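Working from the sequences, and respecting the hints, build out all of it.
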Amino acid sequence: MAAKWISWLDERLGLTTIYRTILDRKVPKVNWFFTLGSATLFLGVLQGLTGIFLTVYYVPHPEQAYDSINYIMTEVSFGWLIRGIHHWGASLLVITVFLHMLRTFFYGAYKYPREITWVTGVFLLLLTLGMGFTGYLLPWNQRAFWATTVATSITETVPFIGPFINTALRGGTELSTLTLVRFFSAHIWILPALVVAIVGIHLYLVVRIGISHVPAKDE
Amino acid sequence: MDQAEKKRYEERYQAEKQRGEKFFPDIIYKDLVVSFALFLVLILLATFVGVSSEPPADPSDTSYIPRPEWYFLFLFELLKYFPGQLEWVGTTVVPVIAILALLLLPFYDRGPLRHWRKRPIAISVMSLAVAGIVALTIMASITTPPQEEFSVVASVTDEIVIGQDLYGLHCVECHGSEGEGGEIVSVEGLEGVVVDPLNAPDFMYTRTDDTIFNVIDYGQQDLGMQPFGKAYGGELQRSDIGAIVTFMRYTWDDRVEIPQEAAAAGAVPTLGPDDIPSYSLHVEPIIRRTCVSCHRPNRENNEYLMQTYDEVMNSGINAPNVIPGDLNSNVIRMILREEIEAGGPMPPTRALKAEWVEIWIRWVEGGAPEFPLESTDTPEPTPAP
Ligand code: HEM
Chain A
6 MAAKWISWLD ERLGLTTIYR TILDRKVPKV NWFFTLGSAT LFLGVLQGLT GIFLTVYYVP
66 HPEQAYDSIN YIMTEVSFGW LIRGIHHWGA SLLVITVFLH MLRTFFYGAY KYPREITWVT
126 GVFLLLLTLG MGFTGYLLPW NQRAFWATTV ATSITETVPF IGPFINTALR GGTELSTLTL
186 VRFFSAHIWI LPALVVAIVG IHLYLVVRIG ISHVPAKDE
Chain B
4 MDQAEKKRYE ERYQAEKQRG EKFFPDIIYK DLVVSFALFL VLILLATFVG VSSEPPADPS
64 DTSYIPRPEW YFLFLFELLK YFPGQLEWVG TTVVPVIAIL ALLLLPFYDR GPLRHWRKRP
124 IAISVMSLAV AGIVALTIMA SITTPPQEEF SVVASVTDEI VIGQDLYGLH CVECHGSEGE
184 GGEIVSVEGL EGVVVDPLNA PDFMYTRTDD TIFNVIDYGQ QDLGMQPFGK AYGGELQRSD
244 IGAIVTFMRY TWDDRVEIPQ EAAAAGAVPT LGPDDIPSYS LHVEPIIRRT CVSCHRPNRE
304 NNEYLMQTYD EVMNSGINAP NVIPGDLNSN VIRMILREEI EAGGPMPPTR ALKAEWVEIW
364 IRWVEGGAPE FPLESTDTPE PTPAP
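Chains as they are written, first to last, in the working numbering: chain A, 6 to 224; chain B, 4 to 388.
All the pointers check out, no bait thrown in.
Derived lysine-lysine pairs resembling DSSO-like cross-links, with alpha carbons at most 27 Å apart:
1. Lys233(B) / Lys83(B)
2. Lys10(B) / Lys222(A)
3. Lys34(A) / Lys121(B)
4. Lys20(B) / Lys31(A)
5. Lys33(B) / Lys222(A)
6. Lys121(B) / Lys10(B)
7. Lys9(B) / Lys31(A)
8. Lys10(B) / Lys31(A)
9. Lys34(A) / Lys20(B)
10. Lys33(B) / Lys31(A)
11. Lys20(B) / Lys10(B)
12. Lys25(B) / Lys34(A)
13. Lys25(B) / Lys10(B)
14. Lys222(A) / Lys121(B)
15. Lys33(B) / Lys20(B)
16. Lys9(B) / Lys222(A)
17. Lys9(B) / Lys20(B)
18. Lys222(A) / Lys31(A)
19. Lys25(B) / Lys9(B)
20. Lys121(B) / Lys20(B)
21. Lys34(A) / Lys222(A)
22. Lys121(B) / Lys9(B)
23. Lys20(B) / Lys222(A)
24. Lys9(B) / Lys34(A)
25. Lys34(A) / Lys10(B)
26. Lys222(A) / Lys25(B)
27. Lys25(B) / Lys31(A)
28. Lys34(A) / Lys33(B)
Chain A side only, calculated, beta carbon under 10 Å to chain B, not exhaustive:
29. Gly42
30. Leu46
31. Lys116
By construction, these hints were calculated from the structure, which means they are not laboratory data.
Predicted model only: the values in this text are computed from it and were never measured.
Note that CB positions come from ideal geometry on N, CA and C, so glycine has one too.
Set out below in structure tokens:
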């Protein structure tokens, strides 16, 4: 009976094809450094999930942000765990992305035919940093407020467009509700949408081209 | 890579693939092990380290030491190497070059060799960059001073009073005792520079506390304003600078009202018709606001220092400048803006307020006492400033 259902679905969804092209394929023998990409992916997904839970209680407004985080930490069951994972996950993610980049660099994996995989990867690195930057402001505590004040004021020194970048980020001359809402929207919609799209391309390329092999001494 | 090299690579890769393993389960298994380990690490961190709690954002507390997320520390540290006018090199040129170098890497490094031993240049450049980032991060975390206890943050009144003193000591020599600006006299290297007023709406309306804080912290070296922040080689802590900014805002921005107590605490006491002013109650506050900025060590002042009663009475190459009971004392003549042997009018740029001139005169006339006289039998202990 079950077999019948599965073959019915397979006929329509092409499950076996997916299984054959993605899972049941031959790849070169590689070492543990090659797990860094999937570790990054895992942490990214985890950030997404914990982040979604956080938005259930978080309020992106200067008067409520701090208290809503406090509420998550003290009242919501396992709120502290969700926030703790999201907090530490962000740091760990930056580390794994960076190490993953170094791994592909040191093995020369950015060379033919994986150039575009690398380029999309660089965008993912920048987006990851952008996620860290925008997320840092959301708790609206002293640390968040002042770090963002300094960081956004540094953009003023960029020639010609500096003042524009600064006001665009802040939504005015000072940090305000606008800044917080802007950072929130970037953190939960804009940057994640870009990340998902680019991770899609990145993974498509990894599967299509196949993971590189560990270069031998004569290569 | 030319076609032959590409072909060689493809052949080699196919061979490796044939000798390889299955993605499922061999590779997936390793991936899951690592992901699961990281998940455990996260749960442990969340449970046993947690997220440190922080006070809520307080935009008026400029004494807070900003601390970026640790993975941005190296960028902030990097900026210290591009001070003043070069800042844009650190904020724009270096990052843009670094990002472009990364993005375009596969397009300029196109050799066929992949083993690290065969790519000495690429490997050394990247290793140096990584070492640099690590070193900058470590340096930044060592040099960032610890956060000052936030429980000791002073009330606005205290801040204003502290700020006024600090302003009197550090800023008056160039900006004038009322922030009126004008031509700088007798500050080495800046003679004749004309400073815009700080006490005007033109200035106060257009500058945020942040901007003022930053100017004091890292100066405007191209215009002659030196940095005062400790981090930039100056003498002031961040809380000091914060106090000065608070003082300036409440005193010179006519849109903000100074709290009554602050105004009272900062005021020079007024005199009754028969009172004899004393150094501790009347003269010292005036000196602190109008004179010490120049009359302290390492300034051009004919060695006349004015930071204590003793110095006011006895120091200087033309000492004594204050002779109790004698209205021909140097100080009085100079405050009355006479040109005498000991020097020209004081303060050099602008006459003292009439009430303050009167206090000086009545003080010298009355014998220049250190403490209030009325209650001679029980000299009032002066409250520490
Ligand atoms: C959110 C960030 C990222 C995710 C989720 C991700 C994910 C992955 C995964 C799962 C793989 C295959 C397994 C592996 O090689 O470890 C991979 C391969 C690769 N990634 Fe990433 N990656 C990210 C960022 C980056 C960055 C920052 C770079 C470099 C700048 C990069 C460059 C590459 C390259 C060149 C490959 C092919 C490696 C090979 O075939 O040997 N990726 N990525």
